[in-house]
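The sequence shown begins at 1 in this note's numbering and counts up by one.
Honestly, the hints are just simulated from the structure, not real lab data.
Mixed in with the good hints, there may be bad ones.
[As the list claims (entries may be wrong)] Computed Cβ-Cβ distance ranges for the label pairs, DEER-style:
(1) G363 x G292: 49 to 59 Å
(2) R385 x G292: 43 to 53 Å
(3) D253 x A55: 28 to 38 Å
(4) T124 x H236: 26 to 36 Å
(5) L279 x D14: 19 to 29 Å
(6) L103 x L10: 43 to 53 Å
(7) S52 x V329: 31 to 41 Å
(8) L279 x H407: 16 to 26 Å
(9) D282 x L234: 31 to 41 Å
(10) G363 x D253: 44 to 54 Å
(11) D413 x T124: 34 to 44 Å
(12) L408 x D58: 42 to 52 Å
(13) D282 x P158: 46 to 56 Å
(14) G43 x S210: 13 to 23 Å
From the three backbone atoms N, C-alpha and C, an ideal C-beta is built for every residue, glycine too.
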Amino acid sequence: MATSGVMSGLEMHDFAWKLWSLPRSITGSGLRRTLEMISEELGGLSIYEVPSGTAVGDWVIPDEWTLRRSILIDPHGKIICDSDVSNLHVVNYSEPFDGKMELGELQQYLHSLPDLPTAVPYMTSYYERRWGFCLPHQIRERLVNGVYTIRMDTDLQPGSLTYGDLVIPGKSKKEILISTYVCHPSMANNELSGPVVSTNLIKYLRSLNSRRYTYRFVFAPETIGAITYIHNNLEHLRKHVVGALNLTCLGDDRTYSLLPTRGGKHRLDTIARHVLKHLSKDYVEYPWTSRGSDERQYSSPGLDLPMISIMRSKYWEYPEYHTSLDDLVDLVTPSGLQGGFQAIQRTLDILECDVFPGSNIVGEPMLSRRNLYSTLGGSRFSVKRNLLLDVWSFCDGTNSALDIAHHLNLRFDEVLEAVTVLQDNHLVVTGPVLLD
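Using the sequences provided together with the hints, build the complete structure.
In C-alpha cells:
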C-alpha cells in the first residue's frame, strides 16, 4: 500500500502510465486488474463481482469478455493490426474468429476515421455479437488486394462484472458520491484521468483531520456498471446521498468544462461555477442535453441524485475523443491532471468549509481595538480593513461565505479567511452549510 500523501501532477501521470496498457472492457481481466492496482495504491477498496445473466434494472450483465493476442495479417505476411501493440486495434467485445478473407469481404469488418487518418478509433459491440479490427485510415487506404489472415483470439463466456467502492466516513451520515468509470482501454483523458484523479482525491480526503460529509467513491464500468451499482445500493443511495460528482475527462491543458445537474440550480452547480470562474474565465458550461456519461444513471428518474461533472475538455468535444490520439504523450499532461484535481479539490473544500456567518454586534466593529487596523488615520483606506468590513457587512446569518464571495467577486478562500479573522476576534459566529 502506498503512503497517504497526495500525488503531484507528475505522480498522477506516472500512475496513469501504469494502468495504460491493461485491456479494459465492461468485464474481464483488464477491468479486474485495474481495480486491483487502484486498491494496491490506496488500500481499502472493496471489490465486488456480479455474475453474467444477472438482471440489473432494465439491463442484464453480459458474458465476460477475454482478449488474447489478436492479429490481422496481409497477403504478404505483414501484421496490419495487433492487439499486443494497441488494444484499440480490436473492436471491444469482438467474438472469436479464425479464418481467411479477400480484402473486399474484409472491409465490412474494418473501422477507420477518414477525418483523423492517423488515429485508431475506439469501437465497441457489447450487446451484439460481431468482430472487427480498427486501424488508421491512412493504412487502410494502402491495403493491397488479396487474402488476409484473421486470428481473433477472444472468448465470450459466463463470468462476472467487477466494480469497486470505498467509503471515507465523516461527521455526518450525509454522503457525497464520487463516481468514475474504469472500462475503456488505452485512452487517457476519456478514461484514465477519472480513476487517477479519484484515487488522488481519496488520498486528499484521508489526509484531512476531519470531514463534514461521508464520501462514497465508486469505480465501475460506464453505464452497465453504474446501473449495477445503483441496483445493488438503491435504498442506501436514496437515503444518504445529498450530492454527487462524475469524474471524467480531467487531464488535458485546453479548457475547463461543466455539465451541471439536470435542473442546473443545485448548490453544487453554484459551487462548481464559482470554482471554474476563478480557474478559467472562459470555461464552457454545457446543457443537460449534452450529457453522455454516468450522470444519465445517477440522475435518472426514481433516483434523482444531483450530479455534476467538472471536466477539462469534455467528451465528444475534443477531436481525439475515442481514438488512439487520446494519449498520455500529446494530450494528457501532468499539469492538466493537476488542474483537473485542483478543480475537484476546491469544490470539495467549499462543501467542507462553507459557513453561515452572523454578526455579534450592531454597528461597524472597531477594528483598531483588535489590532486589525491602524489607529493612525489618513486619506487612504487599508485594503485589509476594507476586505474585513466588506465581508462583515454581509454577515447577517443568511449569506454563506460562498454567497459573500459571489457578492464581492472574490474567491471563496479569500472570504473564508476574512470570516475566520472576524470569528477569531469574536465579531461573528458561524454555522455549517449542509446540503439537504
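Status of the hints after comparison with the structure:
1. Taken as a hint, the range 49 to 59 Å holds for the pair G363 and G292, whose Cβ atoms sit roughly 54 Å apart.
2. In this structure the hint that R385 and G292 lie 43 to 53 Å apart at CB holds, the actual value being about 49 Å.
3. Range check, D253 to A55: about 43 Å between beta-carbon atoms, so the 28 to 38 Å window is missed.
4. At roughly 30 Å, the beta-carbon separation of T124 and H236 lies within the given 26 to 36 Å, and the hint holds.
5. Taking 19 to 29 Å as the suggested C-beta distance range, the pair L279 and D14 conforms, at roughly 24 Å.
6. In this structure, L103 and L10 meet the distance hint of 43 to 53 Å, their C-beta atoms being roughly 45 Å apart.
7. Between S52 and V329 the Cβ separation comes to about 36 Å, which falls inside the hinted range of 31 to 41 Å.
8. With their beta carbons about 20 Å apart, L279 and H407 fall inside the hinted range of 16 to 26 Å.
9. Distance hint check: the CB atoms of D282 and L234 are about 39 Å apart, consistent with the given range 31 to 41 Å.
10. Look at G363 against D253: about 50 Å separates their beta carbons, and that is inside 44 to 54 Å.
11. Checked against the hint of 34 to 44 Å, the C-beta distance between D413 and T124 comes to roughly 42 Å, which is consistent with it.
12. Separation of L408 from D58 is about 48 Å and conforms to the stated range, judged on CB atoms against 42 to 52 Å.
13. Taking the beta carbon of each, D282 and P158 are about 50 Å apart, inside 46 to 56 Å as hinted.
14. For G43 and S210, the hinted distance range of 13 to 23 Å is satisfied, since their beta carbons lie about 20 Å from each other.
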